[in-house]
Amino acid sequence: EAGVVQSPRYKIIEKKQPVAFWCNPISGHNTLYWYRQNLGQGPELLIRYENEEAVDDSQLPKDRFSAERLKGVDSTLKIQPAELGDSAVYLCASSRDNYGYTFGSGTRLTVV
Amino acid sequence: GQSLEQPSEVTAVEGAIVQINCTYQTSGFYGLSWYQQHDGGAPTFLSYNALDGLEETGRFSSFLSRSDSYGYLLLQELQMKDSASYFCAAHQGYSTLTFGKGTMLLVSP
Numbered sequence: 373e374a375g376v377v378q379s380p381r382y383k384i385i386e387k388k389q390p391v392a393f394w395c396n397p398i399s400g401h402n403t404l405y406w407y408r409q410n411l412g413q414g415p416e417l418l419i420r421y422e423n424e425e426a427v428d429d430s431q432l433p434k435d436r437f438s439a440e441r442l443k444g445v446d447s448t449l450k451i452q453p454a455e456l457g458d459s460a461v462y463l464c465a466s467s468r469d470n471y472g473y474t475f476g477s478g479t480r481l482t483v484v
Numbered sequence: 015g016q017s018l019e020q021p022s023e024v025t026a027v028e029g030a031i032v033q034i035n036c037t038y039q040t041s042g043f044y045g046l047s048w049y050q051q052h053d054g055g056a057p058t059f060l061s062y063n064a065l066d067g068l069e070e071t072g073r074f075s076s077f078l079s080r081s082d083s084y085g086y087l088l089l090q091e092l093q094m095k096d097s098a099s100y101f102c103a104a105h106q107g108y109s110t111l112t113f114g115k116g117t118m119l120l121v122s123p
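Sequences listed follow chains A and B, in order.
Counting in this note's numbering, the first sequence runs from 373 upward without gaps.
Counting in this note's numbering, the second sequence runs from 15 upward without gaps.
Excised from the complex, chain A in its bound form (with noise of 0.2 Å):
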């Protein structure tokens, strides 16, 4: 089966300037997740959706930050406007049984 997919890979922006992220899970998993990851640290929570309810936003950064999962399937973060401390890699994960994750790549932002 194929992966979660993200993209893109890298991005460049100057701050205050918006930027998205896309991610395609694997087929079937009802659980999808975003989770940023600075250097040197492990993964942190910013938003879980089960379907295409968003269920556990409480690290999202509101005021910049949104996210959308139409249809249960496909993701979007946002951030509008980029700020330099959001430099960091944006992960999307999902599941299926709630236990076994299954990373994407990953998004590197750079933010100068």
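Because the hints were derived from the structure by calculation, they are not lab data.
You may find that some hints are simply not true.
Here are a few chain B residues that face chain A, going by a calculated C-beta distance under 10 Å [said to hold, decoys possible]:
no. : residue
1   : Ala30
2   : Gly54
3   : Phe59
4   : Ala103
If you want a taste of the chain A side facing chain B, the calculated C-beta under 7 Å gives, among others [claimed, not checked]:
no. : residue
5   : Gln413
6   : Gly414
7   : Pro415
8   : Phe437
9   : Tyr471
10  : Gly472
11  : Ser477
From the three backbone atoms N, C-alpha and C, an ideal C-beta is built for every residue, glycine too.
Fit chain B to the supplied structure of chain A, relying on the hints for placement.
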């Protein structure tokens, strides 16, 4: 809050055995998972312990003691390709996963 503690770095030689420890303090603890991440790559699921005891998967084993809030990952017959970061991650409730900061394993010839 929740926190997981693991060593920042461990070194070993090829063919050796290494143990990476993890202690946790989380509410609603459901189980402990381990992930491997090579530099620039995606985290890859290794193992999951919901109950106390040892789970073995090939060269890798994982152990959990709920009473001690402690677990470890055991890697045997180390190979150069095992050089990577290893994360313990606590399951809170049914689905939320909180990761530790990771342990960088360096395997030398």
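Check your understanding: Which numbered conditions among the earlier hints are violated in the structure presented, ordered from lowest to highest?
Key -> Numbers 1 and 8, in rising order.
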